[in-house]
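Q: If you read the protein sequences in the order shown, they are chains B and H. The first sequence begins at -18 in the numbering used here and counts up by one. The second sequence begins at 732 in the numbering used here and counts up by one.
Please note: incorrect hints may appear among the correct ones.
Partial list, computed: chain H residues near chain B (C-beta under 7 Å) [stated by the list, open to error]: (1) G755; (2) V756; (3) I766; (4) E798; (5) G800.
List of simulated lysine-lysine pairs, BS3-like, C-alpha gap at most 30 Å [as the list claims (entries may be wrong)]: (6) K792(H) <-> K37(B); (7) K287(B) <-> K302(B); (8) K41(B) <-> K784(H); (9) K256(B) <-> K73(B); (10) K68(B) <-> K506(B); (11) K470(B) <-> K770(B); (12) K73(B) <-> K826(B); (13) K593(B) <-> K564(B); (14) K37(B) <-> K784(H); (15) K791(H) <-> K41(B); (16) K784(H) <-> K362(B); (17) K792(H) <-> K41(B); (18) K785(H) <-> K446(B); (19) K302(B) <-> K139(B); (20) K368(B) <-> K784(H); (21) K407(B) <-> K492(B); (22) K579(B) <-> K550(B); (23) K791(H) <-> K37(B); (24) K41(B) <-> K748(H); (25) K362(B) <-> K785(H); (26) K446(B) <-> K784(H); (27) K73(B) <-> K770(B); (28) K37(B) <-> K748(H); (29) K785(H) <-> K41(B); (30) K368(B) <-> K748(H); (31) K593(B) <-> K637(B); (32) K68(B) <-> K826(B); (33) K745(B) <-> K73(B); (34) K208(B) <-> K687(B); (35) K164(B) <-> K256(B); (36) K208(B) <-> K163(B).
Calculated directly from the structure, the hints in this document are not laboratory data. Glycine included, every Cβ here is placed at the ideal spot set by N, Cα and C.
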Amino acid sequence: MRKKSPSHRPPMMAQWLLERFVDRNIRYSALGDFEEIYARIAEYEGHLPARIWYWKQVAKSFPPFVTDSFYWRYTMFKNYLIVAFRKMLRQKLFSLINISGLAIGMAICILILLWVQDELNYDRFHTNAENIVRVVINDQNYGVRWPVVSIPIGPALKQDFPEVLDMVRVGDTYGLITSGEKKHDEYGAYVDPSFLDIFSFPMIMGNPETALSMPASVVISRELAEKFFGDSDPLGESLRLNQDLDLTVTGVIEDMPQNSHFDLDFLVSFEIYRKRDRDPDNWGRFQIYTYILLQESASYKDLATKVSGLLQQHNVREGPKLELEPLTRIHLYASDGRGDIRYIYIFAIVAVIILAIACINFTNLSTARSSTRAKEIGMRKVIGAGKSDLVRQFIGESVLISLISFACAVMLVWLLLPTLNNLTDKHLTLNTHGNWTLLAGFVGIVLFAGFLAGSYPAFFLSSFKPGNILKSSLIPLHRGGKKRTLFRKALVVSQFAVSIFLIISTFAIFKQLHFIRNKNLGYQKDHIISIPLRGNASQQYEAFKNELLRDSRILSATGVSESPVVIGKIHNGYEWEGKDPEKESRMYEVLVDHDFIKTLDITIVQGRDFSKDYATDISKAFILNEAAVKGMDINSPVGKDFSFGDRMGTIVGIVKDFHFRPLHEEIGPLVMFCVPGNFNRLCLKIRPESYGLSGTLRYIESVWEKFAPDFPFQYTFLDAAFDRLYRSEQKTGRIFGYFTFLAIFISCLGLFGLSVQIAEQRTKEIGIRKVMGGSVSGITLRLTGDFIKWVAVANLIAWPAAYLAVMIWLRNYAYRTNVGVIIFILASAVALLIAFVTVSFQAIKAAVADPVKILRYE
Amino acid sequence: MYLLSRSEEIVLVAVWKLREDAYGVTIRDHINQTIGYEWSVGAIYAPLHRLEKKGLVRTKKGEPTSERGGRSKIYYEVTEEGKKALHQMKRVHEAIWQDAPTLGYKKS
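Just chain B, same shape as in the assembly:
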């Protein structure tokens, strides 16, 4: 017996290599034999010769390994590639349909990917993004969440909770900034000095440590610096805010990026805000934003449970609770965020669906045209290709097509990006530098499309029996084809079902938007100009108003505390005669002038309007809307006592409900009182445009210049302001419209391809029919009938699905259009018409062809 020691084993590395190189059929016995021989040589001649011998074997087995795998792989790959390109060039029409469909689908996917990524990346550029949370109020009295809190909360959190590293209060403001002759209205904020610490807004000039510590300092954005100071050094220059606050520029920051929920152009010390506030230590006045920076290890949820009741410890009434909201969720989830997570899901799904429709084209056309590949497949199988080789070949081909389509898609995206940016107010770019998610998304799109489109044809084509194919010159087109055509039909039906679904949804969105625009709001929004009151125009309100009314083009004017398009102020604590003490008394309130109801043409259903004839109207009169009366549960309300705080009086009138909130909401209870001198806006009713709108505006501006020359003259039309409320809906509707169009286009491409294929297949049949006396129209109908049937079936699937989706979407609106059958029928008619035109083009071509030529072709 030879004693074995570990050193008798061949070198590990060589063994490992040998294992890879040796053909797998003989690997087991060969490795055993090699080892035995190695042991023998080691025994008789020593380890070194044994090792050399073993390595020699490794080296010897290497060349065959290379030829076997690399060489053949390369050769076959070259062959596959050549065959694929040859096929593509020979079937130009079908390649064009496949590639253009896929390219459009991919372009949409890429665009949506860019958009989704941008939405998800909001506020993530801050170094501390993960640890910043915003403090918000969940007010259970009103059932609303306020993004603003009271002034003392921030410092208290920082002081009492060790996990809070820092806090910053942000009181945003819209104000006039002047420097010498230049004046601009800008958005800015009063912030604590920690603002530049907590958030990552890079400073171009000035010292971030001290820039905001001085009370009279201001940090401005690059844009603002250029606006006011051009190329000269802004540091140390002075600016004036709202004509009463002199500030010195101590720093310049980079413009805030578009994907930040802040959009501020100047930052002023929060101390100024605090000093000017009439009650800064009150815990119950919610007016400023507060952000806190948490320790890396702290969880905001734990802290949230600890602070939730903090307000009540400081004598705030029951109801409002503190809540915490991570910075990165503000954009998509918060009530004041401009994004909406639901749209992200909807558009992501739409993207995948459209890509799937394009993939279906590929699947359908390649199975329908399988006859053109049958001989090749038969040949390959006879020579020795296994099923898996063919599957690999065909999937490879579809990945190749999807790669070519991707290149086209990138070009399309490049062309379409400006339009999308325009629609979404974003600055999306196709910049892949360092954007790994995007690159991964690209690879994902190519592979997804390639595999989805190619897998069915690959398995289907590779299962051809070579005997059958090669034996008969007749290619088994219809043999066992029933299941196959059924599958193909199902795919076409699903394509059109999706298209019809999208058409119905688009119609429904536009119908609702039309409904909103034309809804009788209960007040007159046309020919009303609304101007914000500032400076002396506000302080000398009566004089300003009377001066304007001297011109006959201005029919009437009224001051109002808020734009009547959206009234946001809501209060609790109204009392009235016969009120159930337990009852909630939450109502919207608006301060109006005597002329408000007259100017806006609001209907009075009971009682009277505010009137100058009654001196007490200024202090004691209330006018309610019908919704308020209904909620108060009160009979003959006019003349009853009504009070809010120290304002006690009577109800003098009831107005018909009008929409002072977006149509998403039911009309709520509203209280109007007449307090001249407390107005933020002036609404002017002007004569219709035939009198010359620009002249009227010039006149108003000249009066403005007389009263408030320091402030730029601004105005909006009430109907435009109203339209702006629904801008995101309009945009979504338009984007949806584009997507629908493209989905239909891609579906039609596929349908067109199939109809070409079928017309080709049935040439002989058509010829014989014509010889036997078939008419052109009869043959056309016969050819198109089938397709039309599929599209009709698609309707059956699309209708209920679309109905459900539309109903869910409309639930967002308290006031919604009646969906009706018409849009369903219209959508189906559109789809049928498009399908018919697509198919009949080929069918007519086939039907009018000369039968002699057709039948002679063999």
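The hints should help you fit chain H onto chain B, whose structure is shown.
A: Just chain H now, kept in the frame of chain B:
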């Protein structure tokens, strides 16, 4: 008529000759000794594998041994088919050489 390559013939005969003890190492040794032609270890496996696929030899697993790194010996033996092939081969060889004039003496 069995179509065998030269290397397959040589290996098949070697397996037949070695009887119970035919596996990679012995087959190689045998061929090296009888033909005097140094075959590399790897070179015998390809013909062996082809013979196996044609059904002329079959494999049998032996006990694992430590000197083979814990692997079993793979023994080869000639099947009935293989014997027929050997018969035929022998006949053909003899038929080919019958009545051939002598080649004279030549040292190989």
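Q: Hint by hint, say whether it matches the structure.
A: Do the hints match the structure? See the list:
1. G755: Because about 3 Å separates G755(H) from the closest Cβ in chain B, which is inside the 7 Å limit, the hint holds.
2. V756: 5 Å, holds
3. I766: Violated, about 18 Å.
4. E798: E798(H) check passes; min Cβ-Cβ to chain B is 5 Å, inside 7 Å.
5. G800: Holds, because the Cβ-Cβ distance from G800(H) to chain B comes to roughly 4 Å (cut-off 7 Å).
6. K792(H) <-> K37(B): Answer holds: K792(H) to K37(B) is near 27 Å, not above 30 Å.
7. K287(B) <-> K302(B): Status holds; Cα separation ~11 Å.
8. K41(B) <-> K784(H): With Cα atoms ~24 Å apart, K41(B) and K784(H) stay inside 30 Å; holds.
9. K256(B) <-> K73(B): 76 Å, violated
10. K68(B) <-> K506(B): 63 Å, violated
11. K470(B) <-> K770(B): The hint holds at about 10 Å.
12. K73(B) <-> K826(B): Judged against 30 Å, a Cα distance of about 19 Å means the pair holds.
13. K593(B) <-> K564(B): 34 Å, violated
14. K37(B) <-> K784(H): The hint holds at about 28 Å.
15. K791(H) <-> K41(B): Holds, at roughly 27 Å.
16. K784(H) <-> K362(B): 20 Å, holds
17. K792(H) <-> K41(B): 27 Å, holds
18. K785(H) <-> K446(B): 24 Å, holds
19. K302(B) <-> K139(B): At roughly 18 Å apart (the allowed maximum being 30 Å), K139(B) and K302(B) satisfy the hint.
20. K368(B) <-> K784(H): 20 Å, holds
21. K407(B) <-> K492(B): Distance of about 27 Å is within 30 Å: holds.
22. K579(B) <-> K550(B): Holds - the C-alpha atoms of K550(B) and K579(B) are around 22 Å apart, at most 30 Å.
23. K791(H) <-> K37(B): At roughly 29 Å apart (the allowed maximum being 30 Å), K37(B) and K791(H) satisfy the hint.
24. K41(B) <-> K748(H): Roughly 28 Å separates the two Cα atoms, so the pair holds.
25. K362(B) <-> K785(H): 20 Å, holds
26. K446(B) <-> K784(H): Holds: K446(B) and K784(H) sit about 24 Å apart, inside 30 Å.
27. K73(B) <-> K770(B): Holds - the C-alpha atoms of K770(B) and K73(B) are around 28 Å apart, at most 30 Å.
28. K37(B) <-> K748(H): Holds, at roughly 29 Å.
29. K785(H) <-> K41(B): Holds - the C-alpha atoms of K41(B) and K785(H) are around 26 Å apart, at most 30 Å.
30. K368(B) <-> K748(H): 41 Å, violated
31. K593(B) <-> K637(B): Roughly 22 Å between the alpha carbons, so the hint for K593(B) and K637(B) holds.
32. K68(B) <-> K826(B): Roughly 25 Å separates the two Cα atoms, so the pair holds.
33. K745(B) <-> K73(B): 23 Å, holds
34. K208(B) <-> K687(B): 26 Å, holds
35. K164(B) <-> K256(B): This hinted pair holds, its Cα atoms lying about 25 Å apart.
36. K208(B) <-> K163(B): 9 Å, holds
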